[in-house]
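Note that the protein sequences, when read in sequence, are chains C, W, A, F, Z and G.
Position one of the first sequence corresponds to residue 1 (my numbering), numbered consecutively onward.
Position one of the second sequence corresponds to residue 1 (my numbering), numbered consecutively onward.
Position one of the third sequence corresponds to residue 1 (my numbering), numbered consecutively onward.
Position one of the fourth sequence corresponds to residue 1 (my numbering), numbered consecutively onward.
Position one of the fifth sequence corresponds to residue 1 (my numbering), numbered consecutively onward.
Position one of the sixth sequence corresponds to residue 1 (my numbering), numbered consecutively onward.
It should be emphasised that the hints constitute simulated quantities derived from the structure, not laboratory data.
No residue lacks a Cβ here, since even glycine has one placed at the ideal position from N, Cα and C.
Hints are not guaranteed to be accurate.
[What the hints assert, rightly or not] With the C-beta cut set under 8 Å, the calculated list includes, among others, these residues of chain G facing chain A:
#1 L566
#2 T574
#3 W608
#4 T618
#5 A622
#6 T643
#7 A649
#8 D651
#9 D696
#10 F697
#11 G704
#12 V705
#13 L727
#14 R749
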Amino acid sequence: MSAIIIFTSVSIAQVILMIAMAISSVRMFYGPRAQDRIIGLDALYVNAMLLLVTFGIGTGRTVYFEAALVIGLLGFVSSVSLAKFLMRGEVIE
Amino acid sequence: MIYSAADVPVWAAAAIAFFLLFGALLALIGAIGFLRLPTFYERIHAPTLSTSWGTGGIMTASILFFSIAGGRLVAHEILIGIFITVTTPVTFMLLARAALHRDRVENHPDVPTRAELVVSTIQDRASDEKGA
Amino acid sequence: MELVLAIAIGIMTSCGVWLILRPRTYQVIIGLSLLSYAVNLFIFGVGGLKSDEPPLLVDGVAIETLTDPVPQALVLTAIVIGFATTALFLVVLLASRGLTGSDHVDGRSDRR
Amino acid sequence: MIELSHHLIVLPILIPLITGAVLLFIADRQRVLKALVSLTGTVALAAVALLLIGIVASENSFDGVYLLGNWASPFGIVLVIDKLSALMVALTAIMAVPVLAFSLARWHSAGAHFHSLYQFLLMGLNGAFLTGDLFNLFVFFEVMLAASYGLLLHGSGPLRVKAGMHYIAVNLAAALLFLIGVSLIYGTAGTLNMADLAARIPTIEPDRRMLMEAGAAVLGVAFLTKAGMWPLCFWLPSAYSVAAAPVAAIFTLMSKVGIYIILRLTTLLFSEGPSAGFGSDVLLYGGMATLAFGTIGVLASQALGRIGAYSVLVSSGTLLAVIGLDDSAAISGGLLYLLSSSLTLGAFFMLVELVERGQDAGASVLAVTMEAYGDADDEIPEEGEGVTMPGTLAVLGICFAACAILLSGLPPLSGFVAKFAMLSALIGTGSIGVPPTAPALAVVTLVILGGLATLIALTRAGIRTFWSSIEGTVPRVLVIEIVPVMLILALTAALTVKAGPALAFMEATIRGVTGPQAYIGAVEKTVPLPSWRDLQPSAKGD
Amino acid sequence: MFPYPLLTIALLVMWLLLNDFTLGHLLLGSIVAVFASWGMAALRPDKPKLRKWYLLPKLFAIVMVDVIRSNLAVSWVILRGRTRGHHASFINLPLDIDDPTALAVFAVIITSTPGSAWLEYDSRRRSVLIHVLDLIDEDEWRDQLKNRYEKLLLEIFS
Amino acid sequence: MALPFVGSILIALLLRTNSRLLPASVAGFIAATVAIATAALYPFVRNGGVVRFEAEWLPQLGVNLTLRMDGFAWMFAMLVAIIGLMVVLYARYYMSEDDPVPRFFSFLLAFMGSMLGIVVSGNVILLAVFWELTSLSSFLLISYWHQNPAARDGARMALTVTATGGFCLLVGLLILGNIVGSYDLDAILAAGDQIKADPLYLTSLVLILLGAFTKSAQFPFHFWLPNAMAAPTPVSAYLHSATMVKAGVFLLVRLSPALSGTYEWFILVGLAGITTLVLGAYFAMFQQDLKGLLAYSTISHLGLITTLLSLGSPVATVAAIFHMMNHATFKASLFMAAGIIDHETGTRDMRRLSGLLRYLPITGRLAMIASAAMAGVPLLNGFLSKEMFFAEAVETHADSWLDTALPYLAVIASAFSVAYSLRFIHTVFFGPPPVDLPNPKPHEPPHWMRFPIEFLVVACLVVGIVPNFTIGPFLEVAAFSVLGESTPEYSLSIWHGFNIPLMMSLLALSMGIAIYVVFRDYFSRCDDGPPWFRHLRGQRIFERVLVTLSWRWARSLEGRLGTRNLQPQLRWVTFIGFMAALLPLYLSGFQPRMIAPSGVDAPFLGMWIVGGCLAIGTAYLAKYHRLAALVMLGGVGLIVCTTFVWLSAPDLAVTQLLVEIVTTVLILLGLRWLPKRANTLKDELTFRARFRRFRDFLLASICGVGMAFIAYAVMTMRVPDAIANFLLENAYTQGGGRNVVNVILVDFRGFDTLGEITVLGIVALTVYALLRRFRPASDSMAPPEQQRAQSVFDEQQPDRDVGDTVRDYLLVPSVIMQWLFPVVITLAIYIFIRGHDLPGGGFSAGLTMSIAFLLQYLAGGTRWAEERIRILPLHWMGSGLLVAAATGIGSWLLGYPFLTSHSRYLDLPLIGKVPAASAMLFDLGVFLLVVGSTVLILVALAHQSVRINRIRAIDESREEPS
Ligand code: NA
Ligand code: NA
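Extracted from the complex, chain C is given alone in its bound form (with noise of 0.2 Å):
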């Protein structure tokens, strides 16, 4: 019983959060401002972050956690960097 009340909400949570990503990759798309794009982006890892969470929690495995754990916290980097590019022209100075 438990296990298909997990199996199911799981399935259930990694369509809704298939559907977020499909969502902001339409932002990516159309912009219309690369600000957008980059929000786009950002939305996608931590949605992806979530999608493989939930694919965690089905499998019953940790070992997926690492690559949510990197997204955590290093998958701001590079929107930081395209934010940084888009204030001042250049990353690093």
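Given chain C's structure and the hints, the job is docking chains W, A, F, Z and G with the ligands onto it.
Only chains W, A, F, Z and G with the ligands this time, still in chain C's reference frame:
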């Protein structure tokens, strides 16, 4: 080590399912908001749904699942929560500031210029002092 | 799964090939990146696709069910080398741009 | 315990690696120390290579398989030294010393980290020659390529950067094909070890084998790009002609890596069994096309550097066509030709720089890089230390003539001997009474035309360079620059005199590679040492 | 030796969360934590004057609750769609805190709370521009920001 | 025989001497020694004997240093040696002090050696070797005065023509070798019938004849010889009359037993010979240059010899050999005489020369005798052989029009030769004294300079008068060695009665005189070259053909078949890559198996719908929206990363993610230096552009489809016995790790990893080296517009300083990023340590560590970061490589191969068992290198912004004073 969902009691499974769906739905709402809100400054509020309790919900679900299925506290998901909370604002702040800069360069009417802000700050300070 | 991944590889290959045939250096570098994604997934795929059978030895899990680790190791090497060459190509295109003043792959001056 | 001498096999890879790594600790300012370390490493490499070829040549029983990490053959990576790989390693090492010496006159200080890159290039070359594993081959290919990118760009300047970008782009694409090919082979044959692959081919069921062959073909495209087969070769003339002289000289070996691997793999995988003869037509006609294109290019070129670069194509085309003809006697001659043409072209590229130095053409490339902007971190020191040689022009002229004779295959130097050995096998006494085949005759014709074109082009260019210059400014050449050139040319002379034994060695080499059984047997019979882990059972488990 | 004790402890906790709670990892984690805090020391950041650090949990709790509340609020705004509309606006807020770390904490709190975003800080004027998604009563917002968070932060970072 | 080469080198070593005597003496000594040595061999060859010498060279290919001297070779060798000696003697006086004499004698001896080599080769390949050597030495000798353009061009032409012929000859000989099975001359000569019956006979014959004809200047390859007259006269005398040009006919004689006697031989050789004979003589009459006249005469005489050889009859062969000798003697002496005239008067133009007999009485008379021999006047040697020629000409050899026409043509050519001989003598030595000579006071040369002419003229006379007592026996021996048993009976006497040949001789003589008398005035006035053909000069045609062929056509072909642009190259690579995969499958009829696809996972499908769209979006936006393309590329990378997680590759996911991050930052760092590109300027789509796009689109599409097809085919294929099984089974028991991927990376295939990190290191070094020289394009020099706008803003605000905006902007982020520094370091260590058993490892850890550094650069800027953290990337890299290598070498000490890993569990107090594998140490090396390289690359790029400020400052300070 592989944790089996069958080892989890039903109440816990229900709780896990709740947190999972709660988190996922927040993430989805955030995404929808991000898509639908009309201006950039409004749009940046939406994704924080998934970085705050969206993440929170799913991390809680994960902590519950692994701790209960494994029989001992597994809480490293907290770290993800903390990291996401600390790092996402950095991007958003920088992007918002960049947007502000560009809007000011383009003389966007809705965006306050620094001159206006200086005036309002002085007024505020004055009123604060009055209040004090 | 196989079909989905195969089509995905195909799409990335197409986009990558299209881009590396373009005249701007930036398009070429993006194309090479896309192509290396495609190729990495391709290498990864030759071992067969299995979900949730990572090649980690855990007591009680039959070895036969695990995913082939060799392609994974190859992909890791390929990722590293791909990263290195992307960095290199980037710098070379910068140098070319600096020396010729153009970002055309043949250093031609553009109609700007 | 294995004998210490067995470790010799891995040394051609390790010596340059360690030398290159040690060089990283030495600051650029300490040029002399850097040069000294680099030279020491290269000389040590040459010593090891000679030792190896000596062992391989003398003993038939030499156990030439090295199990890296003590893993049994198809599971780990093996290094295999047979006569062919020993020959290539020796060629590399022997070329490396004079070329490095040449670079010490000025080129090594034309940019940062020349010596490290040079050592890593040697490492890549040797690794590619020695490895018995397809993916490891990819890795060493990349080591070699990465180092070659660096070296090609050494000295910078618009010409080099443009050629470098094309070179890199094409080779990146080829590297991707390499990966596709290797992984297809793994996905269909389940192994990466070349010997194991050869042994498995007969047992693979048809549809897997078809896919495996497709993989091999894709892999072949990568090698052919490196070897410079038409129409995958357009990057080569530009890259080789703009590279710094010592770099171009050592690059001549790089196109031979492609040839070496094609020879190795065709003999190993496609010489018998169900896939026999796979791809040989492509090699034959591709080789002929390359030969023709190279010939046209040689004729069309005015600059000596481009003539040299197109000669590389001529050389590649000849070898590919000969391999495609699949005649072991001709391939033996081809090996001799490979040796001779590599040495000659190496010497030629260095010579070109010396010769053109008087004409300001080469100097202008340097001058571009000299654009100073305040930070003088790497200026190229003007030459002038040391005494210029007396009779410089005469010596240069003699060397040039020797190169022209060698490249065009005129008697009596090794260029002729090698071409003769090939042609003789294709139409000569090798097959009494059996008329030569039409493709063989076509190859012969192209080889002869190639030689003729080279002769015409080099005479034209040589006359213009040495005799027509009115002002007659004698280039200032240092002893350390001309002696390496002469040394390499002396080697070709030695090859001429000792042509008989040399050819005998080549024949033995080819006997060793035709028919995969010897190679497969050598690899299979090598078993790992009893494991350290097995010796200490207590350490097992957790 | 221990330049940032609080940081070192936090890192140790992080280590233990990542690995198992064993004696070995305690030891190893301590070494790693000390090593990493040396790395921090090398950066020579402006050292935060952390005074009442024990108030941090209180701040944390307040924020958690506020975040949940604003999560729901913002969700509502989004789901309601355009039909009803909302009132997005900029607020300029003069600040009393000037410690960089405190400012950072403040910024993180504001930004990670859905519905408000930290846009621009002006060091000369010591004021910050904040964007609010659905501004119903500006004074209430100001009040909440100043009294709920800034005051507490001022206490923590003297 | 090696002697001349030794001498050549010896003299080359004397290059610096100024003396003319020393090199000449050495050369003379060597020539004399050769002559004496050869003479000493006479007893051995006299009775049909053969002297052989063999040294091994290429035994496998049947080519050894086989020297073989029979009578014919002996005779030729004597000729080479004696005339060589004479020429050396002559040259010793001829060469001026200003010339680099040692070089001359060195080349001359080299030539002599090569020529002797041809003569005594007992192996046809060896013969070909010496053949080309004569071409080379001839080239060097003709271009001896290389400051003279004519000498250069003449030399080049001679080399091109003769070397081409040489190559043909070589192939022809190779085919002969194929027919006979040996390159040995004796074997080939013995296999005449076999050769003539072989289907390849004609091919071989044509190729060999091409060799012979080019060397012997037969029509239509004759044109190089007159141009070779730019050489010093001794060279002309020696090479271009007496010896080298004889090599061709020598070869014909040599191989005649094997090749001659067929109709093809007769037609090919005869046609060439007769044409050359007639045309050469005809052309010679109209030459104004003394040496030109002699050169064409030589051509004509060579044609005569060739014609004789075409006939195939034994007597004709004897006559040919005889005429070779005769021609050598009189033509050499005539050249030397011409050389003296040139030397004394300073010109060789017959229009300027006149009445020289009064100044050069002896030389003049010698020349007259030699000319008479050339014209075939009785009592001289030329008469005898020409008489034999006439006798053969009237006989029928092969029934054809050629045979019928031969006697008439022979007489006509002979008449021409009388005419030009007469002209030579009459113009130069008779008539009024010359006016305005460059050298107004010609006089007889030193006696020893004239001696060679005297010697040779005496030889002409003696042979002409008493042939049987002089040349007779030797000719007999030579003829016998060629013809063997079929050596004919022939008579060398002067008087055979009034027969047809004599009538022909007389007719020719009188016709020749008549021609000269009639056309005398025309000859003395006309331009150089014969009428009608004057403008059709071989040289010019040759040059034009060469230029067209080797220059224009080659260039246009090079352009057509090759490219110097990148796009076509990449198009080729992708196309051929596609074909390489497709063709084998198509040809073998491959069909993918349709296994039931393992159930499609909805999120996975969704992921790739997103991923595919992002990829297409990337391709679409990459041209005008670089940043957008980069963002979307990052999205694709993220999807790839989740795919790895989904499909059981957590290690790959982590690595991919980290690489993704670093790559994005890298490209952003680079984007700063690329030009701004606005999409307002759309390319106008010409038809060409449309077509190109369509083609590329097609190529991209088929590549994609093909790749998908193959990917699907291989993914659905199961390999039963892949090596993976072993690796999975032994990773823990033997490799000591539970993460099999990591065990493969650091143990099973650790060598790959060693190479891979080297690649990364190399690239970092290259990036660094290249960026040290980096100078941005002028439009990227200025600070980005955002920075400029912000600075302006700061300046305008009364209460702000420049830089305040950026300071405020980064205030909060930098605090956070600083605090993250130790956290990321901890994460890096964590990833590193767990790698062996769980996902992670040195590479991911290294990348994480470098991101930690990167963040500090981002937060505080380059200066700020470098004031605080001193990273020495090169040392990290060096240590990484050394640690990895040392770990590998460490196993040697235990007697194991490189990189054998050793693991054990250490029992530590309090902590318990701790795994300690040498593979961890190796992984440490990886870690160090990755950190070093990544940081070096990023920092080198980041530094450009700092550097640009410096450059800008310098530029500004430069501009200000001016
Ligand atoms: Na917010
Ligand atoms: Na101001």
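Outcome of the hint check:
About 4 Å separates the beta-carbon of L566/G from the nearest beta-carbon of chain A, less than 8 Å, and the hint is met. The closest approach between the C-beta of T574/G and any C-beta of chain A is roughly 5 Å, which is under the 8 Å cut-off, so the hint is satisfied. A cut of 8 Å between beta carbons decides the hint on W608/G: the least distance to chain A is about 4 Å, and the hint holds. Taken as an interface hint, T618/G checks out: its beta carbon lies about 6 Å from the nearest beta carbon of chain A, inside 8 Å.
Among the interface hints, the one on A622/G holds; its C-beta lies about 5 Å from the nearest C-beta in chain A, closer than the 8 Å criterion. A least Cβ separation of about 7 Å between T643/G and chain A falls short of the 8 Å threshold, and the interface hint therefore holds. For A649/G, the interface hint holds, since its Cβ comes within 8 Å of a Cβ in chain A; the closest pair sits about 5 Å apart. Interface restraint check for D651/G: the shortest CB-CB distance to chain A comes to about 6 Å, inside 8 Å, so the restraint holds.
Residue-level restraint check for D696/G holds (minimum Cβ-Cβ distance to chain A is 4 Å; threshold 8 Å). With a least beta-carbon distance of about 7 Å to chain A, the hint placing F697/G at the interface is held under the 8 Å criterion. The closest approach between the C-beta of G704/G and any C-beta of chain A is roughly 3 Å, which is under the 8 Å cut-off, so the hint is satisfied. Of the supplied interface hints, the one on V705/G holds, with its beta-carbon coming within about 6 Å of a beta-carbon of chain A, less than 8 Å.
For L727/G, the interface hint holds, since its Cβ comes within 8 Å of a Cβ in chain A; the closest pair sits about 6 Å apart. Residue-level restraint check for R749/G holds (minimum Cβ-Cβ distance to chain A is 6 Å; threshold 8 Å).
In summary, the structure agrees with every hint in the numbered list given earlier.
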